[in-house]
Amino acid sequence: MKRDPGVFDTNMNLMRNPDDYPFLRPNMTEGTSSDDLARYATDQITENLLYFMDRAGPDDWEGMKWYLGAHDIENEWADQYGLNDASVSGAVAALSPQADWNINVHLGKQLIDHFVNRGNLEWDPNMERVARRMTANEAEGRIKRILIKGKEGVPTMGPIIDYIKNKPLGELTDPEDIAMWIRIREEAWGDPNQPLVEGTPHLPADDPDFIPPGDVTGERGHGFRLVRPDGTFGDYKRNARYKDEELGDITDSTWNSNGAVANAVESLLANGDRLRIGNAMGNRHKVRSFFNNKLMPFSLRGDVTMDTHALEGGVMSTAGPAAAHGLADGSAVSNRAGSWGTYPLFADGYRQAARHVSQSTGRLILPNQVQSVVWEMKRKLFENLGRDDVAEIQQAWREYHDSGRTMRSAQDEVWRIAERANARAAIADPKKRPKRPSEPGIFDAWDRAQRKK
Amino acid sequence: MPGIEPSERSEPPDGTERLLMKAGVPVTRETYLLASYPGNSAPKKWTLEHELELPEHLRDMSLFDRGTYIGPSLSDDEESA
Numbered sequence: 001m002k003r004d005p006g007v008f009d010t011n012m013n014l015m016r017n018p019d020d021y022p023f024l025r026p027n028m029t030e031g032t033s034s035d036d037l038a039r040y041a042t043d044q045i046t047e048n049l050l051y052f053m054d055r056a057g058p059d060d061w062e063g064m065k066w067y068l069g070a071h072d073i074e075n076e077w078a079d080q081y082g083l084n085d086a087s088v089s090g091a092v093a094a095l096s097p098q099a100d101w102n103i104n105v106h107l108g109k110q111l112i113d114h115f116v117n118r119g120n121l122e123w124d125p126n127m128e129r130v131a132r133r134m135t136a137n138e139a140e141g142r143i144k145r146i147l148i149k150g151k152e153g154v155p156t157m158g159p160i161i162d163y164i165k166n167k168p169l170g171e172l173t174d175p176e177d178i179a180m181w182i183r184i185r186e187e188a189w190g191d192p193n194q195p196l197v198e199g200t201p202h203l204p205a206d207d208p209d210f211i212p213p214g215d216v217t218g219e220r221g222h223g224f225r226l227v228r229p230d231g232t233f234g235d236y237k238r239n240a241r242y243k244d245e246e247l248g249d250i251t252d253s254t255w256n257s258n259g260a261v262a263n264a265v266e267s268l269l270a271n272g273d274r275l276r277i278g279n280a281m282g283n284r285h286k287v288r289s290f291f292n293n294k295l296m297p298f299s300l301r302g303d304v305t306m307d308t309h310a311l312e313g314g315v316m317s318t319a320g321p322a323a324a325h326g327l328a329d330g331s332a333v334s335n336r337a338g339s340w341g342t343y344p345l346f347a348d349g350y351r352q353a354a355r356h357v358s359q360s361t362g363r364l365i366l367p368n369q370v371q372s373v374v375w376e377m378k379r380k381l382f383e384n385l386g387r388d389d390v391a392e393i394q395q396a397w398r399e400y401h402d403s404g405r406t407m408r409s410a411q412d413e414v415w416r417i418a419e420r421a422n423a424r425a426a427i428a429d430p431k432k433r434p435k436r437p438s439e440p441g442i443f444d445a446w447d448r449a450q451r452k453k
Numbered sequence: 001m002p003g004i005e006p007s008e009r010s011e012p013p014d015g016t017e018r019l020l021m022k023a024g025v026p027v028t029r030e031t032y033l034l035a036s037y038p039g040n041s042a043p044k045k046w047t048l049e050h051e052l053e054l055p056e057h058l059r060d061m062s063l064f065d066r067g068t069y070i071g072p073s074l075s076d077d078e079e080s081a
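Going down the list, the protein sequences come from chains L and U. Take the first sequence: its position 374, counting from 1, is numbered 374 in our numbering, and each next residue is one higher. Take the second sequence: its position 24, counting from 1, is numbered 24 in our numbering, and each next residue is one higher.
Just so you know, these hints were derived from the structure itself, not from any lab. No residue lacks a Cβ here, since even glycine has one placed at the ideal position from N, Cα and C.
Below, a list of computed lysine-lysine pairs in the DSS-like style, where the Cα atoms sit at most 27 Å apart:
id	chain 1	residue 1	chain 2	residue 2
1	U	44	L	109
2	L	237	U	44
3	U	44	L	380
4	L	380	U	45
5	L	237	U	45
6	U	22	L	167
Not the full set, but computed from the structure, chain U residues with beta-carbon under 7 Å of chain L:
id	residue
7	15
8	19
9	22
10	23
11	24
12	31
13	33
14	35
15	38
16	49
17	52
18	53
Simulated restraints on C-beta separations:
id	chain 1	residue 1	chain 2	residue 2	range
19	U	22	L	364	44 to 52 Å
20	L	386	U	26	41 to 49 Å
21	U	61	L	402	25 to 33 Å
22	U	69	L	274	32 to 40 Å
23	L	402	U	40	41 to 49 Å
Let the hints inform the model, and build the full structure from the sequences given.
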């Protein structure tokens, strides 16, 4: 970031706003140079990350295995399918934006399986029906209703399907064409390793056009298995139970955006060509770092994969634009420095925290390991915050900024507010009770409520 | 919302834009989102990170206040109410 002084100053000046960054005190932000402010901010982020690490229990430390587990899964697939390991890692990374990791892994496997075996696959009537359904939904889908101002009603999926359906998958060469074809195929037929969906083929029996292709007899499930931090697989993810059911239904996976799938296909087509894989990962830090962390989990380069949770962990707050600025929304980008937003500053915080943890434990702890531990802790801790809780957290930091409140006191208050929100959620819905309270007694309210029942 | 011709942009079109162009569909925010999330597969929760995945010329940052989504509810329940 410092290689482009103008961009560096712009991004540092964002942090001088106490409403947005109350975890920085006036003596850090007023009249200081950008260099000094960057150092102060990195130190403060480090302090917050170490606060999480100090409270990490044995289950949380398991998260350290996370990138190695991902690496093992991808290595196994590379061997199984005869693919380049970097291409496999790139494909999974490309599918990762906004994707639950369990689904990310499942779709990565589905994509790779179709990609490798694509030569034999032809467009079939079941795919045609799914494609028609996609076109029909266009008029009433969520996107159409909500996300678009001024509905134009331009037919979109119909022309796309007409464009891609006339060739077998093996004859397509462009990643975006292959991506859409595989997606429709998977939606039509499901995972060949899963049981048939009851009542399949799922096309109406009275459809005279439908002829099951080849030896495929019907649609199979779209479920996905839970992935443990060490890279082993658990049972299929299931929906919440209904009243008297022993188990909920298996949860269906949902595809990422087609652009993400196209980037994943491009990574596979690249067959280890690092330039092509690099282009498929895009310019932003997060996906590139995710690729690096999975491909080389023990690298000493210090790559850190950060999404909203990881960035908010650094400021111990979900209020304000810190995560947005980290992801280059409202912050400056330097193509010259290859720097997007304030991401590099937070990455430095994770690197510094890793050095501290290494020194205090006498073991080499990598930045990606601190990130994977903090990520899960932060996600669980902050998952039930309401609007008032967020405001209280902001107030705690504001008191740190304005008055003599210590940083530790502000951190303790944030933790207390978040755990109170979790306890409140658990009272309302016992299924939401976290498995491992971080402090004995914090769920006293929940326990009292249970005893009254 | 009018689309932007590829020649007017500094960054090359991404895969979704290329697919739209090959199919003869104009590239707009609407068509891009429909091609990205076929059927009704758009996320139930739209976040800043989703928005930032879109090409810059198709983003609608008025849906966000300091990184938080403030657009209309995406909950199916509320939509049908």
